[in-house]
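Protein chains in written order, with my numbering: chain A, 1 to 127; chain B, 1001 to 1278.
A couple of the hints might just be wrong.
Subject to a maximum C-alpha distance of 25 angstroms in a straight line, what follows is the list of computed DMTMM-like cross-link-like pairs (lysine to aspartate or glutamate) [stated by the list, open to error]:
hint : chain 1 : residue 1 : chain 2 : residue 2
1    : B       : Lys1214   : A       : Asp75
2    : B       : Lys1193   : A       : Asp75
3    : A       : Lys19     : A       : Asp5
4    : A       : Lys114    : B       : Glu1010
5    : B       : Lys1198   : A       : Asp5
6    : B       : Lys1193   : B       : Asp1073
7    : A       : Lys35     : B       : Glu1223
8    : B       : Lys1211   : A       : Glu66
9    : B       : Lys1193   : A       : Glu95
10   : A       : Lys114    : B       : Asp1030
11   : A       : Lys87     : B       : Asp1170
12   : A       : Lys114    : B       : Glu1223
13   : B       : Lys1242   : B       : Glu1126
14   : A       : Lys30     : B       : Glu1223
15   : B       : Lys1198   : A       : Asp13
16   : A       : Lys87     : B       : Asp1200
17   : B       : Lys1198   : A       : Asp63
18   : B       : Lys1214   : B       : Asp1238
19   : A       : Lys114    : B       : Asp1161
20   : A       : Lys19     : A       : Glu66
21   : B       : Lys1198   : A       : Glu97
22   : A       : Lys114    : B       : Asp1238
23   : A       : Lys114    : B       : Asp1162
24   : A       : Lys35     : B       : Glu1205
25   : B       : Lys1051   : B       : Asp1073
26   : A       : Lys114    : B       : Asp1073
27   : A       : Lys30     : B       : Asp1161
28   : B       : Lys1198   : A       : Asp75
29   : B       : Lys1210   : A       : Asp75
In case anyone wonders, no lab produced these hints; they're calculated from the structure.
Note that the structure is predicted; figures quoted are calculated from it, not measured.
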Amino acid sequence: MQLFDRFLTTITDHLPLPKPSSEQVRLLAKLNPDKFYVENVRAILGVSTRSATQICEIAVNQDLFERRVEVLCPDGSVAASATTEDKLPSAVECEQEVNGFHDSQLLETRTLRKVTYYRLADPARHS
Amino acid sequence: MALLQGSTQEERRRLLNLFPVANLRLAFGDGSKEEICIREAAGTGVQQLRKIGNFVSNNFCCCKQHIYVFEADTQFKLPNGFLGGVRVSQTSSSAYYLAQTSFTVTIFNQPLSQQFVSILWPLKIEIIGGYYLVRFAILESDVAAVFGMNARVTDRSLVEDDILTRVAQDLLAADLNKGVKHLWRTDFHECPKGKFKKADSLSSEQMDEKKGIKQNYPAIYQEMLLSPIHTSTFIIIDGSVKIDTYSVNPTFGTIGFSKYSQLGDTDAVIRQILDNNN
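My request is simple: use the sequences and hints to build the entire structure.
And the structure:
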């Protein structure tokens, strides 16, 4: 919670945003500190995707957030995650439904979609 | 015009077949869809080819489509053409292209044989505000059917990803969550089938009998409003737009229209999403 408080102070200090309402603070505090997306922050603050990305990147620069990346299977499920794209495994196992059965296949990571996500910088301080 | 001038009658027939019959009748006169397509494809004069080219450009928004939306600044230039495709017409902010693709149809009879089906594939590239859109007409899915029960499409020379690599390389997919959610909040559309990302899972909700998530499961609706939405189907309830349904993956900037839009309202839906996305 302390980190989210610092996060809120940081974004209101650095960006021309109105002070977050108590409802927005409550929703931000409800985010999973180990993993959240730009869209979670955007939807709570009611800003554009560009502004939300900027906010998250400011938080990264202030060592409040860590940026990570995950690779998605064709069905949208997350297959693996890492601190940067080059640290992802070169291939991941994905399941595909064929005639009602789930068949597993090994796919090259470079051919799959990646998504950036964030987490609070110091998990030990979540509480 | 270059691709049309060198095209076969069968290629032109397949091209016209991508459009709704009502629009074909309006442009070319009475008849069944098959009759109009065969009749109009038969002509090879410059006037007739120009007429077909104009029809394709003017009615593109009525086609079934796959649309990819990218982030781009307004200085971004429309390509003159690309490997495998030529420009048919252009305005300051949009251009129509025809690409040539070919399906390999394998016929699993004795002896095994293959046929090649060539198709002229229309697409549109346009710039709307800070967005760069690549819009593909969806090609007919039953290409193999004319070769009988044992025929399957086993290869295709040019697919959407090939063209995207040529015309949208290095562009970032646009995030459309804000626009799509605004339209949901204001009852422009309702979602009967949605996927959304939680912290550690991809959650999905598929309603019975196309009931709406917002109306029937308000808690899930609220959760979706705060989450990245993945491929979901929306039913349009705003009466001003004459399209029943469409699919969208707001997180990856893709939109799909799997039904014809006789009045070309695909443009209106795209505008609504983009206008409310900034």
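Check your understanding: Given the proposed pairing of lysine 1198(B) with aspartate 5(A), does the C-alpha separation stay at or below 25 angstroms?
Key -> holds, 23 angstroms
Exercise for review: Take the C-alpha atoms of lysine 30(A) and aspartate 1161(B), compute the straight-line distance between them, and say whether it is at most 25 angstroms.
Suggested key: violated, 39 angstroms
Review point. Does the structure keep lysine 1198(B) and aspartate 63(A) at a Cα separation of 25 angstroms or less?
Key: Given pair lysine 1198(B), aspartate 63(A) holds - Cα atoms ~24 angstroms apart, limit 25 angstroms.
**Study point:** lysine 1198(B) paired with aspartate 75(A) [C-alpha distance capped at 25 angstroms]
**Key:** holds, 15 angstroms
Review point. Are the Cα atoms of lysine 1210(B) and aspartate 75(A) separated by 25 angstroms or less?
Key: holds, 22 angstroms
Review point. Taken at face value, is the distance from the CA of glutamate 1126(B) to the CA of lysine 1242(B) at most 25 angstroms?
Key: Distance of about 22 angstroms is within 25 angstroms: holds.
Review point. CA of lysine 87(A) to CA of aspartate 1200(B), is that 25 angstroms or under?
Key: Measuring from Cα to Cα gives roughly 20 angstroms; hence the hint holds.
Review point. Regarding the pair lysine 114(A) and aspartate 1161(B), is the alpha-carbon distance no greater than 25 angstroms?
Key: holds, 16 angstroms
**Study point:** Pair hint outcome, lysine 114(A) versus aspartate 1030(B) [Cα-Cα no greater than 25 angstroms]
**Key:** violated, 50 angstroms
Point to revise | Agreement of lysine 114(A) and aspartate 1073(B) with the hint, judged by alpha carbon distance not exceeding 25 angstroms | key: Measuring from Cα to Cα gives roughly 23 angstroms; hence the hint holds.
Review point. Is the hinted pair lysine 1193(B) and aspartate 1073(B) satisfied, with a Cα-Cα distance of at most 25 angstroms?
Key: With Cα atoms ~33 angstroms apart, lysine 1193(B) and aspartate 1073(B) exceed 25 angstroms; violated.
Review point. Is the straight-line distance between the alpha-carbon of lysine 35(A) and that of glutamate 1205(B) 25 angstroms or less?
Key: Satisfied, since the Cα-Cα distance of roughly 22 angstroms is no more than 25 angstroms.
Hint compliance for this structure: hints 4, 6, 8, 10, 15, 22, 25, 27 are not met, and every other hint is.
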